[in-house]
Amino acid sequence: MEGSEKMTALEPTTYGAVPEEAAGLDIHDHTDVSDYKTIGSPFVDNPKMSARNVNVYYADKHAIMDVSLDIGENEVIAMIGPSGCGKSTFLRSLNRMNDIIPICRVDGDIKLDGEDIYGTGQDTVLLRARVGMVFQKPNPFPKSIYENVAYGPKIHGLAHNKAEMDEIVEQSLRRASLWDEVKDVLDKPGTGLSGGQQQRLCIARAIAVSPEVILMDEPCSALDPIATARIEELIDELKERFTIAIVTHSMQQAARVSQRTAYFHLGKLIEVGETKQIFTMPSHELTENYITGRFG
Amino acid sequence: MQTSTVFLTLLALCAVSFFVARHRSRLVGMAGGGLTTLNSLPKHYGYMAALWAGLPALALFVAWLVLESTVLQRLVVVTLPAEIQAMPPSEQGLYYNQLVAYALGNVDASQVSEAQVQGARYYSELATASKQLKMLLVSAVAVLGGLLAVLRIRPDFRARNHVETIFTSILFICSFIAVLTTLGIVLSVLFEAIRFFQVIDISDFLFGLQWSPQMAIRADQVGASGSFGFVPLLAGTLLISFVAMVIAVPVGLMSAIYLSEYASRRFRAVTKPVLEILAGVPTVVYGFFAALTVAPFLRNLGESIGLSVASESALAAGLVMGIMIIPFVMSLSDDIISAVPDTMREASLGMGATMSETIRKVLLPAALPGIVGGILLAVSRAIGETMIVVMAAGLSAKLTINPLEAVTTITVQIVTLLVGDQEFDSPKTLAAFALGLVLFFVTLMLNIVALYVVRKYREQYE
Numbered sequence: 002m003e004g005s006e007k008m009t010a011l012e013p014t015t016y017g018a019v020p021e022e023a024a025g026l027d028i029h030d031h032t033d034v035s036d037y038k039t040i041g042s043p044f045v046d047n048p049k050m051s052a053r054n055v056n057v058y059y060a061d062k063h064a065i066m067d068v069s070l071d072i073g074e075n076e077v078i079a080m081i082g083p084s085g086c087g088k089s090t091f092l093r094s095l096n097r098m099n100d101i102i103p104i105c106r107v108d109g110d111i112k113l114d115g116e117d118i119y120g121t122g123q124d125t126v127l128l129r130a131r132v133g134m135v136f137q138k139p140n141p142f143p144k145s146i147y148e149n150v151a152y153g154p155k156i157h158g159l160a161h162n163k164a165e166m167d168e169i170v171e172q173s174l175r176r177a178s179l180w181d182e183v184k185d186v187l188d189k190p191g192t193g194l195s196g197g198q199q200q201r202l203c204i205a206r207a208i209a210v211s212p213e214v215i216l217m218d219e220p221c222s223a224l225d226p227i228a229t230a231r232i233e234e235l236i237d238e239l240k241e242r243f244t245i246a247i248v249t250h251s252m253q254q255a256a257r258v259s260q261r262t263a264y265f266h267l268g269k270l271i272e273v274g275e276t277k278q279i280f281t282m283p284s285h286e287l288t289e290n291y292i293t294g295r296f297g
Numbered sequence: 032m033q034t035s036t037v038f039l040t041l042l043a044l045c046a047v048s049f050f051v052a053r054h055r056s057r058l059v060g061m062a063g064g065g066l067t068t069l070n071s072l073p074k075h076y077g078y079m080a081a082l083w084a085g086l087p088a089l090a091l092f093v094a095w096l097v098l099e100s101t102v103l104q105r106l107v108v109v110t111l112p113a114e115i116q117a118m119p120p121s122e123q124g125l126y127y128n129q130l131v132a133y134a135l136g137n138v139d140a141s142q143v144s145e146a147q148v149q150g151a152r153y154y155s156e157l158a159t160a161s162k163q164l165k166m167l168l169v170s171a172v173a174v175l176g177g178l179l180a181v182l183r184i185r186p187d188f189r190a191r192n193h194v195e196t197i198f199t200s201i202l203f204i205c206s207f208i209a210v211l212t213t214l215g216i217v218l219s220v221l222f223e224a225i226r227f228f229q230v231i232d233i234s235d236f237l238f239g240l241q242w243s244p245q246m247a248i249r250a251d252q253v254g255a256s257g258s259f260g261f262v263p264l265l266a267g268t269l270l271i272s273f274v275a276m277v278i279a280v281p282v283g284l285m286s287a288i289y290l291s292e293y294a295s296r297r298f299r300a301v302t303k304p305v306l307e308i309l310a311g312v313p314t315v316v317y318g319f320f321a322a323l324t325v326a327p328f329l330r331n332l333g334e335s336i337g338l339s340v341a342s343e344s345a346l347a348a349g350l351v352m353g354i355m356i357i358p359f360v361m362s363l364s365d366d367i368i369s370a371v372p373d374t375m376r377e378a379s380l381g382m383g384a385t386m387s388e389t390i391r392k393v394l395l396p397a398a399l400p401g402i403v404g405g406i407l408l409a410v411s412r413a414i415g416e417t418m419i420v421v422m423a424a425g426l427s428a429k430l431t432i433n434p435l436e437a438v439t440t441i442t443v444q445i446v447t448l449l450v451g452d453q454e455f456d457s458p459k460t461l462a463a464f465a466l467g468l469v470l471f472f473v474t475l476m477l478n479i480v481a482l483y484v485v486r487k488y489r490e491q492y493e
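Chains H and L, in that order, give the protein sequences.
The opening position of the first sequence corresponds to residue 2 in the numbering used here, with each subsequent residue numbered one higher.
The opening position of the second sequence corresponds to residue 32 in the numbering used here, with each subsequent residue numbered one higher.
Chain H extracted, bound-state conformation (with noise of 0.2 Å):
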């Protein structure tokens, strides 16, 4: 799993960008935030994952600085903050998909049901199969769609006959609100359905494995408002089962979604709140700038 070559093509475009839009910043700000603590409240009563002191690096380039953070059980945590400020590498950190990225390095505390997910003897294909990730551009496999959602169970062995899988297949595609799209064509590649019925077929796939934690890192920035709507829709209904960490652009759509606010910069957790008190009444003045628009 480690020390794939190829991942390496993936760090100019996903993460060579922090230091130049970083920079970029400096125009509208000049707020030190070299050694700063987080305000608000980024702790909570019954975390299901919770960070500590967490410094993320990518070959010498310290991409996240000592966040440390706790998402709630059944909540939907949202992250916010410019290009650049770490918030889909720390999303990444917390089901170590970042792993697969030979430069980078994690540092700190991540523990999921109080364990530590980066501990000796950890299994990154048990804990994957617990914390799902659904990413930023609809990434179906070129298989059927019945194939797509079966991935999941079939890897890890989570159906026993034809009659089980079928069931897992179903639900899932129901919880992802797909199924009376699709229930005719399931033998179709995935591939041939329109964006946002590709990025709810990845959100199947990834529940289909019965996960408790679902990291979405940008689900909605390739599609259209109208597929954004049922995704946000179906986020909504998900909270009911799964705990969901959502990196977004969007600071309508966290408004919409989430329960809790995390805003990042220049890989600081600069403040964490409920929701409705990030939009309203943000704290810290970098917060404000960016909810209302000033830069980002």
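Fair warning: there could be bad hints in the mix.
Below, computed lysine-lysine pairings styled on DSS-like, alpha-carbon distance capped at 27 Å [unchecked claim]:
(1) K487/L <-> K163/H
(2) K155/H <-> K184/H
(3) K155/H <-> K487/L
(4) K162/L <-> K138/H
(5) K392/L <-> K189/H
(6) K155/H <-> K392/L
(7) K184/H <-> K74/L
(8) K240/H <-> K138/H
(9) K429/L <-> K189/H
(10) K163/H <-> K392/L
(11) K138/H <-> K184/H
(12) K162/L <-> K184/H
It is worth saying that the hints were derived from the structure and are not from the lab.
Using the hints provided, position chain L relative to the given structure of chain H.
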């Protein structure tokens, strides 16, 4: 000499047209109120004029070169005495060739007849006239074309689009040349093969189990059975190719997977060029290796475990051919696997799949069409490969599936049939063309099967 002079003149005329047209378009543009009033940039008018000057003249030039000798022959032959004109075409051709040789000074007068000397004089006159006329006409067409283009320069003339259209046609013609060449090769092989099939029955060739292409030259000659059964050759070819693919496909594919998915950047940087050196080794060197190292090694190994291995065995040839093909399979598969988008890997790894599960269930299916294409390219190479089998597999056309015995292949037999002094109308020589034709069809079939497989099993990714 004369050809290159005409060609250089043509190039010069093109260049002149270019500069004149560019200059004139500037003048026209300035007169109309600045260069921006022109539809296209001055250089586009220049290109247009150069193309107009060059292309028609070039077409005329090529047509002239192609037709010149035929026309000259017609013109000279009609002046020759009646008995010459009554000759059959082949004798007449010979007579005419002597005449031309005398005209060019390659034979002296003692070897040719009086009529030929007369003809030769006429030929020389005609040839000189042709040269001058060619030069004149080509230049005239070029100047005319260039002039026409220059005169058409108006501010609203769309020279840019015009040049674009001309370039599209040039590209089309180039791709058409490839198609025509293929057709030409097939036809030339086909006609010789048809001559062969007039002597040897086609079903004897396709289904005969005996290959022994010695034809009796005299009636009392012994050991000349003259049987042209092609099945043993096909079997030998397929056997060796099969052995080669058994080696090359797993090794090539797996090293491609390792290089693209697991290897560190430094390992890849060293290994890939080294493996690609294998592709650069001339096949004749592989042939030495097979005949002098691998074959004796296999024979000794066989002896030591009680098997009888021929000193020229299908196994040795196939083994070495397999090694030769590894870099092909590897390099092509590596490119294809690397081209699968990273989002696929992320999706699979994000589901909790391991790297090898991701490779088996996502990357390989997505890369399948390319991999099959690469493998079939390798098979075509294996079937067409000649030097290794000539040196290592032997010449005995045995019908066997035992790779420890000596076999022979289609390509080896083509070589042996055509090497040395041969009569060009004996079935023995013509058989080579029939073999070539069959080889062509086998490869064609492989490609069709490959296309079908690829279309049926491909998993399309964005």
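Original post:
Is K240/H within 27 Å of K138/H, Cα to Cα?
Top reply: Within the cut-off at roughly 22 Å; holds.
Original post:
Within 27 Å, alpha carbon to alpha carbon, are K392/L and K189/H?
Top reply: holds, 18 Å
**OP:** Would you mind confirming whether the straight-line C-alpha gap from K138/H to K184/H stays at or under 27 Å?
**Re:** holds, 23 Å
Subject >> 27 Å Cα cutoff - pair K429/L, K189/H >> reply: violated, 50 Å
Original post:
Is it true that the CA of K155/H sits at most 27 Å from the CA of K184/H?
Top reply: holds, 20 Å
Original post:
Are the Cα positions of K184/H and K74/L separated by 27 Å at most?
Top reply: violated, 60 Å
Original post:
Has the given pair, K155/H with K392/L, been kept, meaning a C-alpha gap of at most 27 Å?
Top reply: The hint holds at about 11 Å.
Original post:
Can the restraint linking K155/H and K487/L be considered satisfied, given a maximum Cα separation of 27 Å?
Top reply: Measuring from Cα to Cα gives roughly 24 Å; hence the hint holds.
Original post:
Are the Cα atoms of K487/L and K163/H separated by 27 Å or less?
Top reply: holds, 25 Å
**OP:** Please work out if K162/L and K138/H have their alpha carbons no farther apart than 27 Å.
**Re:** violated, 68 Å
**OP:** Decide if the proposed pair is consistent with the structure: K162/L and K184/H, CA atoms, cutoff 27 Å inclusive.
**Re:** Measuring from Cα to Cα gives roughly 78 Å; hence the hint is violated.
Original post:
Given the proposed pairing of K163/H with K392/L, does the C-alpha separation stay at or below 27 Å?
Top reply: Since the Cα atoms of K163/H and K392/L sit roughly 19 Å apart, the hinted pair holds (cutoff 27 Å).
In the structure shown, a violation is registered for the earlier hints numbered 4, 7, 9, 12, in ascending order.
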